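There are 2 protein chains.
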Amino acid sequence: MTDIRTMSERALVLLIERKYKELRELLSEMEPVDIAALTSELPRDIIPLIFRLLPKELAADAFVEMDADLQETLIQAFSDLELKEVLQQLFLDDTVDIIEEMPANVVKRILKNSDPSMRQDINEVLNYPKDSAGSVMTNEYVDLRLKMTVEDAFKRIKRVAIDRETIYTCYVTDQDRILLGVVTAKTLMLSEPDDIIEDIMETNVISSLTTDAKEDCADKISKYDLLAIPIVDNENRLVGIVTFDDAIDVIKEATEDDFAKMAAITPSENTYFRTSVLSHTKNRVFWLLLLMLSGIVTGAIIAKFENAIAAIPALVTFIPMLMDTSGNSGTQASTMVIRGMAMEEIHLRDFIRVWWKEIRIALCIGATLGLVNTARILLQYHAAPESIYFALTTSITMVAVICIAKSFGVILPMLAKKLRLDPAVVASPVLTTICDICTVAIYFALITVFFKL
Amino acid sequence: MTDIRTMSERALVLLIERKYKELRELLSEMEPVDIAALTSELPRDIIPLIFRLLPKELAADAFVEMDADLQETLIQAFSDLELKEVLQQLFLDDTVDIIEEMPANVVKRILKNSDPSMRQDINEVLNYPKDSAGSVMTNEYVDLRLKMTVEDAFKRIKRVAIDRETIYTCYVTDQDRILLGVVTAKTLMLSEPDDIIEDIMETNVISSLTTDAKEDCADKISKYDLLAIPIVDNENRLVGIVTFDDAIDVIKEATEDDFAKMAAITPSENTYFRTSVLSHTKNRVFWLLLLMLSGIVTGAIIAKFENAIAAIPALVTFIPMLMDTSGNSGTQASTMVIRGMAMEEIHLRDFIRVWWKEIRIALCIGATLGLVNTARILLQYHAAPESIYFALTTSITMVAVICIAKSFGVILPMLAKKLRLDPAVVASPVLTTICDICTVAIYFALITVFFKL
Chain A
1 MTDIRTMSER ALVLLIERKY KELRELLSEM EPVDIAALTS ELPRDIIPLI
51 FRLLPKELAA DAFVEMDADL QETLIQAFSD LELKEVLQQL FLDDTVDIIE
101 EMPANVVKRI LKNSDPSMRQ DINEVLNYPK DSAGSVMTNE YVDLRLKMTV
151 EDAFKRIKRV AIDRETIYTC YVTDQDRILL GVVTAKTLML SEPDDIIEDI
201 METNVISSLT TDAKEDCADK ISKYDLLAIP IVDNENRLVG IVTFDDAIDV
251 IKEATEDDFA KMAAITPSEN TYFRTSVLSH TKNRVFWLLL LMLSGIVTGA
301 IIAKFENAIA AIPALVTFIP MLMDTSGNSG TQASTMVIRG MAMEEIHLRD
351 FIRVWWKEIR IALCIGATLG LVNTARILLQ YHAAPESIYF ALTTSITMVA
401 VICIAKSFGV ILPMLAKKLR LDPAVVASPV LTTICDICTV AIYFALITVF
451 FKL
Chain B
1 MTDIRTMSER ALVLLIERKY KELRELLSEM EPVDIAALTS ELPRDIIPLI
51 FRLLPKELAA DAFVEMDADL QETLIQAFSD LELKEVLQQL FLDDTVDIIE
101 EMPANVVKRI LKNSDPSMRQ DINEVLNYPK DSAGSVMTNE YVDLRLKMTV
151 EDAFKRIKRV AIDRETIYTC YVTDQDRILL GVVTAKTLML SEPDDIIEDI
201 METNVISSLT TDAKEDCADK ISKYDLLAIP IVDNENRLVG IVTFDDAIDV
251 IKEATEDDFA KMAAITPSEN TYFRTSVLSH TKNRVFWLLL LMLSGIVTGA
301 IIAKFENAIA AIPALVTFIP MLMDTSGNSG TQASTMVIRG MAMEEIHLRD
351 FIRVWWKEIR IALCIGATLG LVNTARILLQ YHAAPESIYF ALTTSITMVA
401 VICIAKSFGV ILPMLAKKLR LDPAVVASPV LTTICDICTV AIYFALITVF
451 FKL
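In the order they appear, the protein sequences are chains A and B. Residues 1 to 453 in the numbering used here are what the first sequence spells out, letter by letter. Residues 1 to 453 in the numbering used here are what the second sequence spells out, letter by letter.
No wet-lab data here; the hints were simulated from the structure. One or more hints might be untrue.
[To be verified] Quick list of in silico lysine-lysine cross-link-like pairs, DSS-like style, CA-CA up to 27 angstroms:
| no. | chain 1 | residue 1 | chain 2 | residue 2 |
| --- | --- | --- | --- | --- |
| 1 | B | K155 | A | K158 |
| 2 | B | K223 | A | K252 |
| 3 | B | K130 | B | K220 |
| 4 | B | K56 | A | K223 |
| 5 | B | K220 | A | K223 |
| 6 | B | K186 | A | K220 |
| 7 | A | K186 | B | K220 |
[Stated by the list, open to error] Stretch by stretch, here's where chain B covers chain A in the computed footprint (C-beta under 8 angstroms, at least three residues):
| no. | segment |
| --- | --- |
| 8 | 300-312 |
| 9 | 371-382 |
None of these values were measured; they are calculated from a predicted model. Positions of the beta carbon are idealized from the N, C-alpha and C atoms, including for glycine.
If we strip away everything but chain A, and leave its shape as in the complex, we get (with noise of 0.2 angstroms):
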């Protein structure tokens, strides 16, 4: 970080004293990313100036990284013949990420500039549903016939490779596009020149389809440790395929979408700055209404019991502490179970197992806080005959909401799975709705045969 800072300022010091030459020095030896996090930090003004100063092929890697916001800076500042030229040199993944991002003006002018195949190609992979394996694909792959020796292949991938996404993994297809078999780089430098395709390929290939959804592209990618994975339609026909630092970027969007569903946000499209003040608080408030409801229920049972409260005012006092312990009990359990299951070591076969391995964890959690929950109480109140009370009803309490916690933590996401429902989604919601009534329902019942009120 402070390495791009350092060379932020030089650009900046070399932009001002106008040496040009210096300035596509110190940026060509830059990384893409790196020039798309320095622009990020440059006045909007000399970024196209910037651009301009690269050489044509960074320029365009260096615009794929670049936020969404930077790039509709400089699409409006291009010149039709720069926008064809960066559009150009553009995988058509990458342009089609674009697009998802750009106001209808701007796609306008892209797809205006585009030549008419690519046009069709951006065109078709945009009508692929949202989130499916179809949508993320690119089609700049090489395919290669059974007939070829292995010498031919390596003529045809000197041709192509300089349009190819990878030339690691090549694609054995027939006339007809149907995938037949992949042969990879590896395999292909190690064979003879004289080798036929054919016999060298791997026949069983590992592909998702273009309805599938992308996550499960990006899981197999990730599980098998593939390059890149070849996307079929239903007739088993090559349309595209999915790179290995795609479904990087599919895992994290994933993983991001959990970690929002677990503070119960309703995921964003874009990221923080990008989403409004208004569309950030739509994706909060439902949750917090549902989760002032679940308050609402148990405000009314403790009314239930305002007469004991007026008797001993002390006992609301308790509440806060049962209340947390409860809850933080069961998103606990909860996370883990989620979590699990998302990494496919939980299934739900293992629910008795799990099970019973939370109630475990729960009995010696609540015994330890049971009895630091007593011993801090008995001290607060000099051990007083009332405060044996206090401590008894409060531990009882804990130990009972932190097993009932914990086995509705296991219940509920395996359940939501079940049921096909997305388990981070059902289980933060409801799980506090339970845990909160069972604390306040227990506590108030154990007062009540105690303190015979």
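Put chain B on the given structure of chain A with help from the hints.
The following block gives chain B in isolation, referenced to the frame of chain A:
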């Protein structure tokens, strides 16, 4: 998943019918990770039998993908010769991974059956600090020399490829192993046979130090879309590489740790099932004790207003709702900020910008919740004169605590980062405590004013 299930059943049938030849054929067509998943479903005793049916290389690859439990079972069942054969097939980083999970007696057997140079390499990697790039690297890379031709390079690759984790990025070193540059297989394939490596290599190499954090190393791989990153020592000597598939694992592990921290759990080294009940308890109970303490402080504040509660017990019924709302509002903001910082979208210098955004969001949310709350209280109490005071105190408290909660949701993680503490660990318990305390303090302060108690 169903596919593996069916295969698993077919394998079992073939096993029972002792059709080992068909079984071997079935297994040979499967991916290593799927064979590992299949064995985890089968009775322990027959796993060595299955393992012995597999072709050697596939057997070793499947072994790497298995759970530590299964690996241990297999190693116990292996003869020394078998163990030696499997170890010879493994890459260094996988061997180290396995060793780190095994009990001492198994480790001893593994080291005894490794050849001396392998044993030395293992010990070297084991000596790097835990969580360092050195601890996850492997030394199976292709190294080239400056003066080699492309033809020489291809010959060398062909000779050594079988033992190398990747051949798509080759590293150019001198006789002292100093890293001079990298050449990708793509560059080699696009060059002429008599081109000299020195002329075609990339000298601007992105590398990591052995002592760098493994997360930083993985982030570099993801940021620069690398297939592998070279790991060098302080003298820029090449000591190993980390490949993209290992980087994905490191990123996933770090993400799981963040999920645990957000749920107030100390991250575990092991998977859910391999962590004992006592370890789970230990990882969770400290945070619950801390949050219990927070509850006690909140309770102490409520205790100060026992007279008010005795006079109007209904006041208490609003506490759960207010506490839930403030806690959740705070978590929403802190999660957005923590993840934004982890994704490098939000930087410390953005503090004012983020805070101002959250305050506006808080006001929008506060207004919505306040209105809903006022409406429901007036409805519930049929707009009795007292209920107007209830509605006012709770709604004003709500708007105030949402603003405070969102503010601290921004301040705490950013402060933690500034102090080089882990935002995810610091934010959660401290934030809950602050939200709880502010809620009851503001609520009762308003009550004292409105109800003149």
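Verification of the supplied hints:
Between K155 (chain B) and K158 (chain A) the CA atoms are separated by roughly 18 angstroms; this keeps the pair inside 27 angstroms, and the hint holds. A threshold of 27 angstroms between alpha carbons decides the hint, and for K223 (chain B) with K252 (chain A) the separation of about 12 angstroms falls inside it, so the pair holds. As the CA atoms of K130 (chain B) and K220 (chain B) are separated by approximately 19 angstroms, the hinted pair is consistent with the 27 angstroms bound. Between K56 (chain B) and K223 (chain A) the alpha-carbon distance is near 21 angstroms, which keeps this suggested pair within the 27 angstroms criterion.
With a CA separation close to 21 angstroms, the supplied pair K220 (chain B) and K223 (chain A) stays within the 27 angstroms bound. As the CA atoms of K186 (chain B) and K220 (chain A) are separated by approximately 25 angstroms, the hinted pair is consistent with the 27 angstroms bound. As the CA atoms of K186 (chain A) and K220 (chain B) are separated by approximately 25 angstroms, the hinted pair is consistent with the 27 angstroms bound. Counting residues of the segment 300-312 of chain A whose beta carbon lies closer than 8 angstroms to any beta carbon of chain B gives 7, which reaches the threshold of three, so the coverage claim holds.
Given a C-beta distance limit of less than 8 angstroms, the hint that chain B covers the segment 371-382 of chain A holds, as 3 residues qualify and 3 suffice.
Consistency note: the structure conflicts with none of the earlier hints.
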